[in-house]
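Novice: Next come the chains, spelled out residue by residue.
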Amino acid sequence: MDDQTKPPLRDGPSRRGLFGAFGLAAGALAAPPVAAAPTGSEGHAPVTLSVNGREHRLTLDVRTTLLDALREHMDLTGAKKGCDHGQCGACTVHVDGSRVLSCLTLAISAEGRKVVTIEGLAKDGELHPMQQAFIDHDGFQCGYCTPGQIMSAVACVQEGHAATDDDIREYMSGNLCRCAAYPRIVAAIRQARGQMGAA
Amino acid sequence: MADTFGDPKQLFGKPTPRIDGKAKVTGSARFASDEPVGNPAYAYLVTSRIAKGRVTAIKLDAAKAVPGVLDILTHGNVGGQAKPAKAADGGPNTPTLDSDQVMHDGQIVAVVIADTYEAAREAAGKVAVTYAAETPSATFGSKGVKVASHKSRSGKPFPKKGDAARAYRAAPVKVDARYSTPPQHHNAIELFTSTCEWDGDHLTVYEPTQAMWGSKAAIAAQLGLEPENVRVVGRYIGGAFGGKGANAYTAWVAIAAKRLNRPVKLVVTREQGFTVRSWRAETRQQVRISAGKDGRLTSFFHSGQEVTSRPSQYAVAGVEVTPRMYACPNIDTKVEVVHADRPTPGFMRAPAETPYFFGLESAMDELAWKLNMDPVELRRINDTRDDPVTGLPFSTRSLMQCYDAAAAKFGWSQRSAKPGSMTDADWLIGYGCATATYPANVAPAAARLTLTPDGKAVAAIAGHEMGTGAYTVVAITAAGALGIPVDKVKVLMGDSDLPPLTIGGGSNNAASKAHVVAKAAGEIRKRLAEAAVAANGPFKGLDPATLTLKDGKLLGPSGQTEDLKTAVSRVGSLVEVYAENNPEGLPPEAMANTYKGQTAMLRGGGRKDHSAFSFGAHFVEVRVHRLTREIRVPRVVSAFAGGTIINPLTAYSQYMGGVIWGLSAALFEATDLHQAQARYVNNDLAGYVIPVNADTPSIDVIMVDEPDNTTNPLGIKGIGEIGITGMNAAVANAVYHATGIRVRDLPIRPEKLLAHA
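Just so you know, the sequences run in chain order C and L.
Take the first sequence: its position 25, counting from 1, is numbered 25 in the working numbering, and each next residue is one higher.
Take the second sequence: its position 416, counting from 1, is numbered 1416 in the working numbering, and each next residue is one higher.
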């Protein structure tokens, strides 16, 4: 897909609660044509989603979020539901390389896009440097927000928003960690930043 | 004793990455709602729109017309099928579907089940409930609340010694102040969930619970099932903080699954989580404290009022702990509960100490100012080797070591004492400190440990991994005691089909698990050694007590070795031990009661010959903007003496997390109430403010070495809760130092400082 045909995925840094920034409001993704009107049972539509390089052909209630499609229809339970309102970041995945809140993204709007979840981050059984850095620095406790933190952290580095500790803190503030591993998350990103840059 | 459990210095203390780390960073760790079940139906709760009254009618036509709706449970169709759920203290709770009575806003009044989550949610919005509403009473001071005196958990009177009122009257220096703390909600990032699946008469519940056997017993009791027919599974718990014990909705999810003959999955919404589970109640406290001119305390009075629901007597009663902190000859304490039309409160991280140490440690700071004394020195003058309430010695008390270590690192000596005297451009700088504490608790536990000839072990215990590093604690213990590497130990937890452990609360689980696993390993060593000395080989005829397990070998006193393959194969194709450990000081039936899901803990404050507590000290720098009164905390240094540290890597994380929780309690967290409706109004993660990464300062945690084999044989005191305690006061004390404004009502938000500007 030509990049110019896509709406912008995000428009800047955000703190908690600003739906528009990290999240994809349903309307914002209206641009790619969704071919099928609901077919089959009432309010359902066929959807093909590309997740971690694999095509998934599903029939979904059109209201199904990308998060629920991953969790309840594809057994990809790495992305977590912490609020369902775009307030916590636990559901963060990558859509066409950008970090996105999957709970605020309708599954049908992700058609034709490349979705990567935490399950798709390690390559050939080798952990992504960010995953290893989170282990090395104990950048989590319960681990529930961790998939979202890591997906967000990878994007944060790729965006060029991890140059300083203050930048990391600011650009990682859309991902809540109730165990409060924040200082160690910053340390993990600091470590992985260099390793990712070399890659 | 040391022989039974081993030497803690040998077993523990090496920083060890979590053995479940890879599962957590790759998304393969299965939290309860991640567990695959076949063809689940989805449940969605309908909760009350009133706080007091009765449900008079529920119209279901519109909801049932939603395509995909399968069933709707109400009091009318299932109300008698489950016994009422208990509160956290085992006492009465507010109802759910078991009654048509509404006792708080957001009470469960119906459960909708549908083929899809989307249909269930839509239908839940179409369930039309009509009520006979009455005017609710929200909180302290609301018309219609009922104040009642409270009795302690043990049934004993609250601490009282000497004549506090008289000593107070006579004292030259005194503080009499009232403090208040707000309602709070745990808000673990994992939502509350329950997935129920039947196989004939056997029920499996996938649920995040910090009490595997407790939840099993509670569900069985509610549904009238034999406990052996109930299995609770929660291999990973996405944060609990006291909020994830037994609950009222699982029984209804189980009933729904039975009616449909199909697994049913409930994911409670964030908003509903504020009312269908427990919370930390608001408190009002009075502290009256007096001292001689030398700073020695002469009297201490601490009273608290706590909100609870209409039927529950639940209270945290922190006055059972606060008088134990400092030497004082005259003590008086009191607790009252205030019944309002609210959900039943329950445990939340350091339930008693968090609110009540705000009162104690703020008052100590106020007293230091009145005495014109360094607040650290006031603590030193009143330090005590004996528990002032019981007169028994503390097993260890490293409070001043913590103060001194943290003060040095913080640079406390650079402090200019006068409030408002330290500035940086438009920022007023304040330094504050406070004491932290938590009782050292340990509970009965059982574990199964298996060692195979290839030098691998499997440890099984119904433990709770909620971020504490529980899997790794078990692996470290088994590996150390069996003399094999940590990565050779597989740990099975989070399943009530495994040997029982009591509730993961009161910071007991690490100590409880480590003792029973070490004991099991000790038994394995003994079996291998006894077989080895009886057989022809390098150990023939030796005293089996001289044989140890080290570096993957059986080791003799003069350096003789035998590989595990030979040593284990001698006794069988594997060696397996089922061990129970009932801590000395508990009655024999405590172990049996653990199998019944009951909590039987040897508590640090209720022992016969000593008191066992962890201690700590926080030092905080705050910066308050001269004009806007924005409050920032750039740095914290906290030191803790928590006995034996099993894994310094994860211990640091837990202490640090606790400190940030305390910071959050000081500056951010409060659940706001609509007074007229008795309703929470900021019931989501946008409205309920917790720190984000950018709010979180540099946290320096110092772990003070503290061997303590009086507390328990391995000297493990527990670390999950102490970090939060006292932090709220440390921040308030620093804000006073920065501004000269004493905020006695949490949280400390800029508007409270602007009011004084």
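Just so you know, these hints were derived from the structure itself, not from any lab.
Backbone N, C-alpha and C fix where the C-beta goes; we use that ideal spot for every residue, glycine too.
One or more hints might be untrue.
[To be verified] Just a few of them, taken from the derived set where beta-carbon distance is under 7 Å, the chain C residues facing chain L:
id: 1; residue: T48
id: 2; residue: C88
id: 3; residue: V116
id: 4; residue: E119
id: 5; residue: A122
id: 6; residue: D138
id: 7; residue: Q141
id: 8; residue: C145
id: 9; residue: C179
id: 10; residue: Y182
[Stated by the list, open to error] Here chain C is said to cover these stretches of chain L; the calculated rule only asks that three of the stretch's residues, wherever they fall, bring their Cβ under 8 Å from a Cβ of chain C:
id: 11; segment: 1085 to 1092
id: 12; segment: 1253 to 1260
Novice: A separate judgement is required for each hint: does it hold in the structure or not?
Specialist: Hints and how they fare:
1. Because the smallest distance between the Cβ of C:T48 and any Cβ of chain L comes to about 19 Å, over 7 Å, the interface hint for this residue is violated.
2. With 7 Å as the threshold, the beta carbon of C:C88 comes within range of chain L, its nearest partner Cβ sitting at about 5 Å, so the hint holds.
3. A cut of 7 Å between beta carbons decides the hint on C:V116: the least distance to chain L is about 11 Å, and the hint is violated.
4. The beta carbon of C:E119 is positioned within 7 Å of a beta carbon in chain L (closest approach about 5 Å), and the interface hint is therefore held.
5. Checking C:A122 against chain L by beta carbon gives a least distance of about 6 Å; that is within 7 Å, so the hint holds.
6. The interface hint given for C:D138 is met, as the beta carbon of that residue sits about 5 Å from the closest beta carbon of chain L, less than 7 Å.
7. Given the 7 Å rule on beta carbons, the hint for C:Q141 holds: about 3 Å separates it from the nearest Cβ of chain L.
8. Given the 7 Å rule on beta carbons, the hint for C:C145 holds: about 5 Å separates it from the nearest Cβ of chain L.
9. Nearest Cβ of chain L to the Cβ of C:C179: about 5 Å, under the 7 Å cut. The hint holds.
10. A distance limit of 7 Å between C-beta atoms decides the matter here; for C:Y182 the minimum to chain L is near 4 Å, and the interface restraint holds.
11. Check on the segment 1085 to 1092 of chain L: 0 of its residues sit with their Cβ under 8 Å from a Cβ of chain C, so the three-residue criterion for coverage is violated.
12. Residues of the segment 1253 to 1260 of chain L with a Cβ under 8 Å from some Cβ of chain C number 0, which does not satisfy the need for three, so the listed coverage is violated.
When each numbered hint is compared with the structure, violations occur for hints 1, 3, 11 and 12.
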